[in-house]
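Join the two chains into one complex using the hints; note that each chain is given alone, in its own frame.
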Amino acid sequence: MSTTSLPNSPFAALNRGPLAYIALTAYVVVTSALMLMNTRTSLGTDVLFVLFLLGFLLLYRANVANGYKLALGAIMLIGVVPYFGTMNAYYIELAIQAGIFVALALGLNVVVGFAGLLDLGYVAFFAVGAYLWGIFSTDQISQISPGASPVSPQWFYLFMALGLFVGAFFGVLLGLPVLRLRGDYLAIVTLGLGEVIRVLAVNLDRPINITNGSQGIKSIARPPLPDFLRALFPGLDDPQLYQLFIYALALLVVGITILTVFRLKNSRIGRAWEAIREDETAAVAMGVPLVRMKLMAFAVGASFAGVMGVLFAAKQQFINPPTFDLIRSIGILAMVILGGMGSIPGVILGGVLVTLLDLQILPRIATELGALKRQGIVIPDWFDPAQYQRALFGLLLIIMMIFRPEGILPDQRRREEAHATEAQEMPEEAGAGEVKPA
Amino acid sequence: MALLEAKNVTKSFGGLIAVNNVSLTVERGSIVSVIGPNGAGKTTFFNVLTGIYKPDHGSIIFDGASIAGQRPDQITKQGIARTFQNIRLFNNMTAIENVLVGMHARLNAKMWQIIFQSPSVRVEEPRARARARELLKFVGLEGRYDELAKNLPYGDQRRLEIARALATEPKLILLDEPTAGMNPQETLEATRLIQRLRDELGLTVILIEHDMRVVMTISERISVLDYGEKIAEGKPEEIRANARVVEAYLGRGAAVAD
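Protein chains in written order, with our numbering: chain A, 22 to 459; chain B, 123 to 380.
Be aware that one or more of the hints could be misleading.
[To be verified] Label pairs and their calculated CB-CB ranges: (1) A:P245 <-> B:G265: 35 to 41 Å; (2) B:G161 <-> A:F283: 54 to 60 Å; (3) A:V50 <-> B:G262: 52 to 58 Å.
[Said to hold, decoys possible] Some but not every residue of chain A turned toward chain B, in silico, with C-beta under 7 Å: (4) G94; (5) D160; (6) T281; (7) R284; (8) L285; (9) S288; (10) R289; (11) R292; (12) A293; (13) A296; (14) D300; (15) E301; (16) A303; (17) V305; (18) A306; (19) V309.
[Unchecked claim] Residues of chain B clear of chain A, computed beta-carbon distances all greater than 10 Å: (20) G151; (21) P159; (22) I183; (23) A203; (24) F206; (25) A227; (26) L315; (27) R320; (28) L323; (29) R362.
These are calculated hints, taken from the structure and not from any lab test.
Where is the CB? At the ideal position from N, CA and C, for every residue including glycine.
Next comes chain B alone, as it looks inside the complex (with noise of 0.2 Å):
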């Protein structure tokens, strides 16, 4: 079974309708794209499915179980972690910190047990810390653990909120444009790490992404948004020949001229 069924989804903000009747299956263990113009829909979409947003319409089905109209936080505690496409960390804690708050819902601690500082908690708390660690490690933020979120460099703040994605326990990780911004050093980087997170962690990940090159490296499906509403999907080839994909990009012209 897919990991995530969206169907027929849709968002509308007074007039506009900024999704309207998207559907999306992701299987478990993929790489998928969402890419359309500026204002498309995608953002929207991101955060119809990880519940900033409740859906007008449309059910959203994840890991077996319906997660459309959930809270953010516990859609999150069911396994979905996103990053966002203007970096929103929390400029003033630690790297470390980040991590560490990306973890609350996986700890356990009660207020009576920290303040009394019971014995769980003495356990709990240095293993969340060494964890924290091990996923800075994991992003390439090895030894910046104290460094204010704000002080890295950008390259850095965006490896930090994936560091802080995965510390949430994720299946499905959604990266809202991920390499924005980047130099193609940067860049190649970014879509390495991507790739591992899927190969090495075993998460399914979805991504918004305006770089095809990076698109077309690393997923395996793509779908395309315009005006809110998906215009086609398919594998990167297929994406590559669409009339319809081109024009909305370069306008009608350049699609018949082709």
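Isolated chain A, as found in the complex (with noise of 0.2 Å):
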């Protein structure tokens, strides 16, 4: 692993020391500062949005006191990211766009990572929070029960918490069929569940008009914006104001998602739930109850999809059936093996990987062989770059499964655990290698 690699190379003394720290700093205060001085979405910004983006792997991955991480972090995430998106509303939209699948990559982490139950259908929980306040929220509700009106926009808070509810109720609902269910079994039954929540949301418009079905529901209510936020930023317009307020509602959310399954793997219930992965024979005879745990991770994984659906509901102000397909359940799941099954950080890198690749960097690989094409470099008619994003997502997937089947960053607490004396004491075997014996 890298870790026992970096003491020999080059960047060693970059990664430990005073250094470390100098090193860490100036890299991010100077990708910081040229993102900032490159507001137009372009090719240039969009390197240095990715490099900035690099800085926390680097910052996860150095050997620094964790608070200095978290200030540095922290930093990072509530100043230079929001400010740098009020200069220009894509890359905030990036970034809420990936605390989104952040989330739910995490939330799916808990069911296929930690509990080890393949699940193809995950995007459901996340149309279920989203149809909640989609419906609540609109006109839609009084097509359901005549003479009810939408509530109004202040309950969104309200019905956050209750989109993790309801999240869990589902959860549980879509889970009891399948308890008995294993592997390649347990992942078609789920796909299959999750097709029927698509396929009941296009088709609940009638006899009783519930989702509006494939028309969508239109003009959903935003929460208020908060007076202190409009007071803090008074040059700003309402529509920047709002892409700030949704980025720090994301964060939060993701941020108490990344405390609760944190929390949840080292405890009883995350132990029990790799015990059932590892072997579910040999778990059911240790004591540990198999239907209420499994049953127990549906529902937390369900829950965080259930309150980003009512999230992105607010953000999208208008959600319809397609945007919740096997598709999205798919690319959720990607990023869960991409970043490292049952490892953190990982699915977070793998979140934040996948939405990037999906939304920027293979457009933007499309949009320039599109330019180099006009210019007239030669590519044959039959390729058409936009055509061919898809493509090279699978190829990537592909390439990365041959190479690293563990994912980008594998679960490292227990080997770091295991290895921690070695670890320690490399550096000096390694420096004392290179003395030769006289």
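See the structure below:
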């Protein structure tokens, strides 16, 4: 692993000691500054944005005090990103999308990574949360029960909490029929159940119009802007403030999600999930109640999606069934697998990476190739870069699975614990090895 | 009263009667062996006792209460722990985590307590870890706490399985071929460990074992299964002299020649 190879690499000194602090701070300051000076959406800014985000990874991997990591990370997330966002709406939109998908991936990771239950219908719970707010905050509610009026946007926060419970409820509901299934069978049935939710969303416009069918629900309410936000940034207009506001909410949900999954993972419940993943029969023989623990995994995973669904509906202000199709579920699963199943930092990275690939990097490559073509560089006519985005994404996944099947940042906690003494001794050993005995 | 009383237990799979009308009484604080040729139904009998299979007929009374037909985790909670014939550790978890999983039923942290890190969880978790280290020390795995289970040598994996079973705080422990695949030195150590389970922890032990030296040294009573039926029961010396047992193991000719 890279932790063991680092002492020998020329960058070793940059990764520890006072130099690490200086190097990290310098990196973050330089990328932030460059980014803030290039606010036009362009290839250059894209690259800077990715480099800036790479700072989080460096921060995570560096051997510096945790307090420092947190402080610098917080400055980047709470200071730099929103500030940059006020100058270019596209990038804060990216950050919000990344946040939403990181929370979703973390939720799915509970089911797939921790408990080992392959779930291909996860996006259904996201849909449930989104439709919950979509229906109750718009005139759609009067279609269901005539006379009822939409709830006040103030209630948004209550509905986020409600999304948690409704998500958990649906998690249990869809978990019950699949309790006895394992592996491939589980994947197929959850895939089916996930599609059932989407098809319901398409078809529940008759006899009672609940979801407004394939037309979707329009003009979904947003929570009212808090006054302090307006007072804090008097120079910004409402759309900008809204983006900051949604960004803050997404960041908050992601933060709570990370804390929750981290605590669960290192607990009696997390260990029971892992035991089920490793060997069901042995787990149950050691006193782990299978049914309860599996349902708990489904419920916890689904609840995060429920909350994020509510937020997503408020952000988009429009939802329709195709948003919640199978490809979405597969995309979220790809985040989990790419990052490293069961590994919380890995899944966060996977979520950000796949979102960026999807919304920024691959479209950017396509645009640039298109521009080259127009300038007369020979690219065959049958190759339309925009059409090949998905293929490129698939290719990346395949390459990953061949060269790093455990994910980019595999579950490291145990590995580090296991080799804690080794890792500490390593630098001395490496140093001593270079001096040949006389 | 006996700790475990299994009466007329029968379990069949389709046409095959794997365990046929077997009764077994185990006194508190004793070490009892179940022996028999391969395919005699010993492991199936264990699986019925621990709830992995439900018996077709018969009653199982453990510590005064009927456990027949209960789920494995419920039975474990009432005080029966087991190890497996083909080691079934949680391979990608560390030794100490394996033991901590065994404590699952004895820990009380609820989901919301874990999420909010309530004071009770903050006390319970370190205490559980300390206890797990103690158990690992007891079986001789001191200092290997953070080793992944799959990276442990074979003999240590067997020990870890015992530590994990002990973590469930059992009254009765079922060991399925605890010395299988061990060399004489390891077998000797395993035998001592089994004796310590009873002598130091006061547990009752039932073991399935093929190594007759182990069986004859440590068991107080031996039950012999053959083709799913119990063909003999008694003290080691009685079993050694039993013609039906010799026949079951070595074939009729051997028994007659004897």
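We went through each hint and held it up to the structure:
Judged by the Cβ atoms, the range 35 to 41 Å given for P245 (chain A) and G265 (chain B) is violated: they are separated by roughly 59 Å. Distance hint check for G161 (chain B) and F283 (chain A): the Cβ-Cβ separation is about 48 Å, which falls outside the suggested range of 54 to 60 Å. At about 54 Å, the CB distance of V50 (chain A) to G262 (chain B) agrees with the hint of 52 to 58 Å. Of the supplied interface hints, the one on G94 (chain A) is violated, with its beta-carbon coming no nearer than about 21 Å to a beta-carbon of chain B, more than 7 Å.
For D160 (chain A), the shortest C-beta to C-beta distance to chain B is roughly 37 Å, which exceeds 7 Å, and the interface hint is violated. With a least beta-carbon distance of about 5 Å to chain B, the hint placing T281 (chain A) at the interface is held under the 7 Å criterion. Taking 7 Å as the C-beta contact cut-off toward chain B, the hint placing R284 (chain A) at the interface holds, the least distance being around 6 Å. At about 6 Å, the closest approach between the beta carbon of L285 (chain A) and any beta carbon in chain B falls short of 7 Å, and the interface hint on this residue holds.
Here the hint on S288 (chain A) is kept, as its CB sits about 4 Å from the closest CB of chain B, short of 7 Å. Restraint check, R289 (chain A) versus chain B: the minimum CB separation of about 5 Å is within 7 Å; hint holds. Look at R292 (chain A): its Cβ gets to within about 5 Å of chain B, closer than 7 Å, so that hint holds up. Against a cut-off of 7 Å between C-beta atoms, the interface hint on A293 (chain A) holds, since the closest Cβ of chain B lies about 5 Å away.
Residue-level restraint check for A296 (chain A) holds (minimum Cβ-Cβ distance to chain B is 4 Å; threshold 7 Å). The beta carbon of D300 (chain A) is positioned within 7 Å of a beta carbon in chain B (closest approach about 5 Å), and the interface hint is therefore held. Because the beta carbon of E301 (chain A) sits about 10 Å from the nearest beta carbon in chain B, more than 7 Å, this interface hint is broken. At its closest, the beta carbon of A303 (chain A) sits 4 Å from a beta carbon of chain B; the interface hint therefore holds under the 7 Å criterion.
Given the 7 Å rule on beta carbons, the hint for V305 (chain A) holds: about 5 Å separates it from the nearest Cβ of chain B. A hinted interface residue such as A306 (chain A) counts as satisfied when its beta carbon comes closer than 7 Å to some beta carbon of chain B; here the least separation is about 5 Å, so the hint holds. Annotation: interface hint on V309 (chain A) holds; nearest CB of chain B at approximately 5 Å, less than 7 Å. Every beta carbon of chain A lies more than 10 Å from that of G151 (chain B), the smallest distance being close to 23 Å; the non-interface claim holds.
Every CB of chain A lies more than 10 Å from the CB of P159 (chain B), the least distance being 25 Å, so the non-interface label holds. Every beta carbon of chain A lies more than 10 Å from that of I183 (chain B), the smallest distance being close to 20 Å; the non-interface claim holds. Some Cβ of chain A comes within 10 Å of the Cβ of A203 (chain B); the nearest lies about 8 Å off, and the non-interface call is violated. Non-interface status of F206 (chain B) relative to chain A is broken: a Cβ of that chain comes within 10 Å, the nearest being about 7 Å off.
Interface exclusion of A227 (chain B) from chain A breaks down, the closest Cβ pair being 4 Å apart, not more than 10 Å. Separation of L315 (chain B) from chain A is adequate, the least Cβ-Cβ distance of about 19 Å exceeding the 10 Å criterion. Listed as outside the interface, R320 (chain B) is consistent with that label: its C-beta sits roughly 21 Å from the nearest C-beta of chain A, beyond the 10 Å cut-off. Consistency note on L323 (chain B): stated as away from chain A, and its beta-carbon is indeed over 10 Å from all of that chain's, at 18 Å minimum.
Residue-level check passed: R362 (chain B) sits 33 Å from the nearest beta carbon of chain A, beyond 10 Å.
Consistency note: the structure conflicts with the earlier hints numbered 1, 2, 4, 5, 15, 23, 24, 25.
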